[in-house]
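S.K.: Letter by letter, the chains look like this.
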Amino acid sequence: MEEDFILKVKNLRVILDGEKILNDLSFEIRRKEFFIILGPNGAGKTTLFKALLGLIPYQGEIVWTKENIKFGYLPERLSRSEFKKIPISVRDFYKFKESSEEKISKTLRSVGLEGEEILKKNPGDLSSGQFQRMLIGWALLGDPEVLFFDEPTTGIDIGGEKTIYSLLHKFWQERGLTILMITHEINIVYAYATNVLCLYKKGICMGPPREILTPQLLEKLYGNEVKFYIHKH
Amino acid sequence: MIFSQFTLSLITGIFIGGVAGYLGSLMIVKRMALVGGPLGHLALPGVALALLYHYNIFLGALLSIVIGAIVIWLLQIKSKLSLEALTGVVFAAGVALGFLILPLSQAEEALIGDITKIDLTDTLLAIFLGLIVFVIINRIYQKMILSGISEDLAKTERIDVKKYNLIYLICITLIVALEVKIVGTLLTVALLVIPASASNNFSRSLCLYSWGALLIGVVSTILGIFAFRFTGLPAGPLIILSAALIFLISLFFKK
Chain A
1 MEEDFILKVK NLRVILDGEK ILNDLSFEIR RKEFFIILGP NGAGKTTLFK ALLGLIPYQG
61 EIVWTKENIK FGYLPERLSR SEFKKIPISV RDFYKFKESS EEKISKTLRS VGLEGEEILK
121 KNPGDLSSGQ FQRMLIGWAL LGDPEVLFFD EPTTGIDIGG EKTIYSLLHK FWQERGLTIL
181 MITHEINIVY AYATNVLCLY KKGICMGPPR EILTPQLLEK LYGNEVKFYI HKH
Chain B
1001 MIFSQFTLSL ITGIFIGGVA GYLGSLMIVK RMALVGGPLG HLALPGVALA LLYHYNIFLG
1061 ALLSIVIGAI VIWLLQIKSK LSLEALTGVV FAAGVALGFL ILPLSQAEEA LIGDITKIDL
1121 TDTLLAIFLG LIVFVIINRI YQKMILSGIS EDLAKTERID VKKYNLIYLI CITLIVALEV
1181 KIVGTLLTVA LLVIPASASN NFSRSLCLYS WGALLIGVVS TILGIFAFRF TGLPAGPLII
1241 LSAALIFLIS LFFKK
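Respectively, the protein sequence lines represent chains A and B.
Residue 32 in our numbering sits at position 32 of the first sequence, with consecutive numbering throughout.
Quick note: to get our numbering, add 1000 to the position in the second sequence (first position is 1).
Hints are not guaranteed to be accurate.
As the list claims (entries may be wrong) - These stretches of chain A come out as covered by chain B in the derived footprint (C-beta under 8 angstroms, 3 or more residues): (1) 48 to 56; (2) 61 to 75.
Claimed, not checked - As a list, the in silico BS3-like pairs of lysine-lysine whose alpha-carbon atoms are at most 25 angstroms apart: (3) A/K95 with A/K120; (4) B/K1078 with A/K70; (5) A/K20 with B/K1030; (6) A/K20 with A/K10; (7) A/K85 with B/K1030.
FYI, nobody ran anything at the bench for these hints, they're computed from the structure.
Source: prediction; values computed, not measured.
We put the beta carbon where it would ideally sit given N, CA and C, even for glycine.
All chains, please: the whole structure from these sequences, using the hints.
M.R.: Listed below in structure tokens is the structure:
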């Protein structure tokens, strides 16, 4: 029987400004996976996200097995200052996607942001942790089936990071979503990922974290300094 | 004539000033506020011809802006220069051409507008096109703001950013061409930028901001046109100065 795939990628190749960013990449993702993409900077992780979301041109095949599938996306480094220049409130921003006040409050509550006060604030005036939660909530609006998180804890302190990741894991468990996430946190990969795709200059590897994340591989991905991360776990 | 010339110019001003303010509130967010300047200047050769051969100034302005935009677009395909540089080249050439066509002694109307020349056709055009542009901008407003914040987020929401940008540019062109009659080719940028900037100082939400820009656009034109009636000074600059005065006041309300 055909397994329950949600995405099939075959011979994906992305060339941006004459530079080959992704070459001949093939992999598949099943429904309800917590799929983590690992790799050093410049390996093409964000580019892969953008190609999967249809934001940039690519060659090869990207097939979502369902038509008009709904995505939620948290881009890397969306900056608070972009919002500060505009007289926009959190409520306004959420209204772009959802008109029901009730659903807006419910979503904000689910990411730990509560009260009329938050709704009236400019997103640029939130703390970095609140801002990231607000964006996660925005990605969750409209009941998406697939969520893309590109380094969701950029700019957040260690305590905050933990809560963001456990929040995402909770949503994944409760709502039966498929999550694709880029992160450098090896601990998170071990704890949450159902499957890992590593991208590095000389190739790729894929599989469940405990099978493929060998010290040798991590050294290949990140160099020597990562070793103690593994022992920590 | 059913309406006095003054009433016609007032109605025309209200529609153009309001919609320009509303549209301007979007242009500021998209960081395209200054585009209104060169576009207005591009209108000069067409306006000059319209004045010399006595046809409608709006048509002259529109035709001339559209030709200018096509020339910029063609140059962009041909050369590797930035859009900014090419716009500079084309609009300067356009202004120079305009002054060759039109004797300087007759240039005042083309440069700073003349509301005493507004007739019923102009008023009907302003109402009709103003309403159309308003409805279109109102419908694409949120999508445009989202694409201004992050084009990637907008595209993920399946917003056709290219299509909406084109619609938006057409709206800007129409409003700038309409503005020429009121404030002239030199000052078109002002009605787009000043009311929206003032409203930005007053508002904390998008709704207040966009409607505020519209309202300030309307109030500035009314104030300017009445000031013209009592002083006899040219209306275009008076409208712009009224808007600038409101902007100054808004500074004290800055949140």
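S.K.: Does each hint fit the structure? Answer for all of them.
M.R.: Quick rundown of the hints versus the structure:
{"no.": "1", "hint": "48 to 56", "in the structure": "holds (count 4)"}
{"no.": "2", "hint": "61 to 75", "in the structure": "holds (count 4)"}
{"no.": "3", "hint": "A/K95 with A/K120", "in the structure": "holds (12 angstroms)"}
{"no.": "4", "hint": "B/K1078 with A/K70", "in the structure": "violated (40 angstroms)"}
{"no.": "5", "hint": "A/K20 with B/K1030", "in the structure": "violated (31 angstroms)"}
{"no.": "6", "hint": "A/K20 with A/K10", "in the structure": "holds (16 angstroms)"}
{"no.": "7", "hint": "A/K85 with B/K1030", "in the structure": "holds (10 angstroms)"}
Comparing the model with each earlier hint shows violations of hints 4 and 5; every other hint is respected.
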